[in-house]
Every structure is written in structure tokens, then in C-alpha cells.
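Engineer: Now for the letters of each chain:
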Amino acid sequence: SQQGEEDPQALSIQEGENATMNCSYKTSINNLQWYRQNSGRGLVHLILIRSNEREKHSGRLRVTLDTSKKSSSLLITASRAADTASYFCATDFQGAQKLVFGQGTRLTINP
Amino acid sequence: GAGVSQSPSNKVTEKGKDVELRCDPISGHTALYWYRQRLGQGLEFLIYFQGNSAPDKSGLPSDRFSAERTGESVSTLTIQRTQQEDSAVYLCASSRGDAGTQYFGPGTRLTVL
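Heads up: the protein sequence lines correspond to chains U and S, in order.
My numbering puts the first sequence at residues 1 to 111.
My numbering puts the second sequence at residues 1 to 113.
A portion of the hints provided could be inaccurate.
[Unchecked claim] Some chain S residues close to chain U (C-beta under 8 Å, calculated; not the full set):
1) 43
2) 102
3) 104
4) 106
Please keep in mind that the hints were generated in silico from the structure rather than gathered at the bench.
Ideal Cβ positions, reconstructed from N, Cα and C, are used throughout, including at glycine.
Please work from the sequences and hints to get the whole structure.
Structural biologist: Printed below as a string of C-alpha cells:
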């Protein structure tokens with residue numbers, strides 16, 4: 001399988017703490033994306049990082065990419081209850097336009 | 001403009017019946033994708049349309065599954081002779097076709113009894 005794999009599968013933290021999720025993949029990529037899913041329905045795009053980038057920020061989100069290790073991390077700082085969701089990484093498959101999604105990390109922020 | 005829309009939002013059907021799921025992509029998006037997501041699982045790629053090119057059907061799980069797209073507009077995913085294992089949320093996404101951001105619809109939750 002060429003799917004990405006997220007780690008951990010589930011994460012539960014207190015509001016205000018930082019949450020870190022990791023993603024590993026198997027093939028060379030053009031870019032890696034992170035998506036959020038609430039309540040098992042549509043996904044919302046969070047951030048895209050290209051293979052020639054090492055770090056990217058968007059608000060409270062920080063994404064890193066290490067192509068030598070074929071891994072990425074998503075850091076959410078100062079978490080809020082509204083951040084409770086499943087988070088998925090997605091990679092383009094062998095340069096094609098379709099995305100391959102991992103199994104996701106279920107993040108729970110406790111008030 | 002409007003986002004990706006899907007209909008119906010929920011569909012309950014009996015085993016053996018055929019179902020059609022509809023996706024309206026964002027206007028101007030040349031690429032359209034169908035995914036399946038079983039409960040608590042990640043997304044499984046099903047099929048991808050890009051402009052007038054032949055669709056990438058490599059993710060369709062069996063010949064009971066088919067999809068069509070008219071030009072760069074509406075797509076229909078058809079599942080024939082549904083099985084209980086087909087129960088899942090079916091998600092549609094569209095993009096500009098540049099391997100960038102995909103915009104997802106709210107999904108259709110299919111339940112096969």
C-alpha cells in the first residue's frame with residue numbers, strides 16, 4: 001500500500017496544550033497535505049507543503065516535512081475544544097493528481 | 001461560489017438494489033474525485049476524472065461500481081446490486097486539477113440493510 005500512516009491513531013489532551021501528529025509515507029511525492037474532518041463527513045483542507053519545503057505555518061498550525069525520512073508532522077499550538085476532529089495527511093501518489101490518505105489521527109481536546 | 005455539493009445526504013437501501021450518488025463540483029474545477037470512507041477508517045480512493053481524459057478507475061473495488069462525469073460538471077457514482085459491505089460515507093472532491101487542494105463535499109452516507 002502506498003498510503004500514508006498517521007501516528008498516533010488517537011490523541012487526547014487538555015485544552016491549551018499542544019498537539020502533535022505524525023505522518024509517514026512510502027513513495028516520493030510532489031506535495032503533502034493535511035486535512036481535518038469533523039463528525040465523519042466532509043474534509044477541510046488545512047495546509048499544503050511542497051517537497052522542496054521543510055516547514056510551513058498557518059495560524060496555530062505548523063507543518064514540517066522531512067523527505068529523507070518520508071515523514072511529516074502537524075503541530076497545533078494552544079489547542080481549543082473546537083480542534084477536536086480527525087486529522088488526515090494525504091500525498092500525491094507517484095506524482096499523479098489523486099491523493100492517497102492515511103487512516104487519520106482522532107484528536108480530542110478536553111476542556 | 002458554492003462549494004461541492006452531494007446528494008442525497010443519506011441513503012438507506014436494501015441489499016441487491018442499485019443506488020446513484022450525485023456530486024456537483026465547484027464551477028471551473030477540472031478534476032473530480034470519489035472516495036469511500038468506512039466507519040472509523042481513512043479515505044479509499046475510488047475514481048478520478050480530469051477534464052476530457054480517460055478516468056482513473058483504479059480504485060473501484062468491483063465491477064458493481066461505476067461513475068460518469070459529463071464534461072466538467074456533475075458526476076454520478078452508481079453502485080449496482082448493493083451489498084452490506086458497501087455501507088459507508090461516499091465523499092466527492094474537486095480541484096483545479098493541479099494536484100493541489102481538494103475541496104470536499106459533505107458526503108453521502110449509504111446504509112445497505
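Engineer: Give a verdict on every hint.
Structural biologist: Do the hints match the structure? See the list:
1. 43: Holds, because the Cβ-Cβ distance from residue 43 of chain S to chain U comes to roughly 4 Å (cut-off 8 Å).
2. 102: Holds: closest Cβ of chain U sits about 6 Å from residue 102 of chain S, inside 8 Å.
3. 104: 4 Å, holds
4. 106: For residue 106 of chain S, the interface hint holds, since the closest Cβ of chain U sits about 4 Å away, which is under 8 Å.
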